[in-house]
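Position 22 of the sequence shown, counted from 1, bears residue number 22 in the working numbering, the numbering being contiguous throughout.
To be clear, the hints were calculated from the coordinates, so they are not data collected in a lab.
Glycine included, every Cβ here is placed at the ideal spot set by N, Cα and C.
Accuracy of the hints is not assured; some may be wrong.
What the hints assert, rightly or not - Straight-line distance between alpha carbons at most 20 Å, and here's what the computed EDC-like set of lysine to aspartate or glutamate pairs gives:
#, residue 1, residue 2
1, K64, E172
2, K173, E148
3, K159, E73
4, K60, E140
5, K72, D55
6, K72, E140
7, K155, E172
8, K60, E148
9, K72, E94
10, K58, E148
11, K160, E172
12, K159, D181
13, K161, E120
14, K161, E148
15, K58, D181
16, K60, E73
Stated by the list, open to error - Simulated restraints, written as ranges between beta carbons of each label pair:
#, residue 1, residue 2, range
17, E148, S84, 31 to 41 Å
18, G33, E73, 29 to 39 Å
19, K85, R171, 20 to 30 Å
20, L31, S84, 18 to 28 Å
21, G33, E153, 52 to 62 Å
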Amino acid sequence: MSDANPEEEKPKKKKGKMKGLIVGLVAVAVLGGGGAAGGFYVAGTMNSEGQEPEDPNKPKIILKDGTAVSEKEAKSAMPEPDASKFTISYHQIEQPFTSNLYSSESFAQLSLAISTYYDERVFENVTAHEIAIRSAVLMELGQQNPVELETPEGKLLLKKKLRDVINATLREKSGFGGIEDVYFTSLVVQ
């Protein structure tokens with residue numbers, strides 16, 4: 001019988017060693033995973049939306065009460081954009097634009113104003129890069145068909161194209177567009 005007891009103890013010892021090994025591996029995995037997650041969090045790679053932090057130099061959106069908020073804050077406060085909550089600012093581009101129109105002897109002359117919900121830095125960027133903006137607008141204007149510019153739909157389409165061209169130029173030159181809309185303050189097609 002004394003031989004039976006040592007045999008029974010051996011399997012118990014193996015189970016005890018195996019159990020201790022599994023508990024040790026689980027503890028290492030949990031601690032290692034927690035440490036890795038904490039390291040990623042501290043490093044800033046884990047944020048709530050999976051986006052990079054907002055640039056502090058980026059223009060701020062101006063609310064009706066005059067408060068400047070980041071785009072991220074504005075979106076979190078209002079998931080559905082409501083223009084009535086923001087202050088819109090306008091800027092007249094001083095010099096008119098004159099260009100020949102595509103495949104014709106016609107030309108167009110127009111004056112533009114632009115609007116934004118962002119702070120004055122957008123207009124500072126427009127002023128700083130006005131030559132590049134003028135060139136881009138004239139290039140787009142030169143691609144227009146004079147017959148289409150005589151229709152309201154053609155004018156609306158041109159407004160959208162000019163807004164996109166101005167924003168693209170601003171993004172290229174300053175890293176941020178911010179133009180909400182473009183307005184014709186005069187438009188002549190001959």
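Here's how the hints hold up against the structure:
1. K64 / E172: violated, 29 Å
2. K173 / E148: violated, 31 Å
3. K159 / E73: Not satisfied, since the Cα-Cα distance of roughly 29 Å exceeds 20 Å.
4. K60 / E140: violated, 29 Å
5. K72 / D55: Judged against 20 Å, a Cα distance of about 11 Å means the pair holds.
6. K72 / E140: Roughly 32 Å between the alpha carbons, so the hint for K72 and E140 is violated.
7. K155 / E172: violated, 26 Å
8. K60 / E148: violated, 37 Å
9. K72 / E94: With Cα atoms ~33 Å apart, K72 and E94 exceed 20 Å; violated.
10. K58 / E148: violated, 37 Å
11. K160 / E172: The given pair, whose Cα atoms are some 18 Å apart, holds under the 20 Å limit.
12. K159 / D181: The given pair, whose Cα atoms are some 8 Å apart, holds under the 20 Å limit.
13. K161 / E120: violated, 23 Å
14. K161 / E148: holds, 14 Å
15. K58 / D181: holds, 19 Å
16. K60 / E73: Given that 20 Å is the threshold and the Cα spacing comes to 10 Å, the pair holds.
17. E148 / S84: 31 to 41 Å: Given about 33 Å between the Cβ atoms, the range holds.
18. G33 / E73: 29 to 39 Å: At roughly 33 Å between Cβ atoms, E73 and G33 fall inside 29 to 39 Å, so the hint holds.
19. K85 / R171: 20 to 30 Å: With a Cβ separation near 25 Å, K85 and R171 satisfy 20 to 30 Å, so the hint holds.
20. L31 / S84: 18 to 28 Å: Violated, since L31 and S84 (Cβ atoms, about 52 Å apart) do not stay within the stated range.
21. G33 / E153: 52 to 62 Å: 59 Å Cβ-Cβ, so the 52 to 62 Å window holds.
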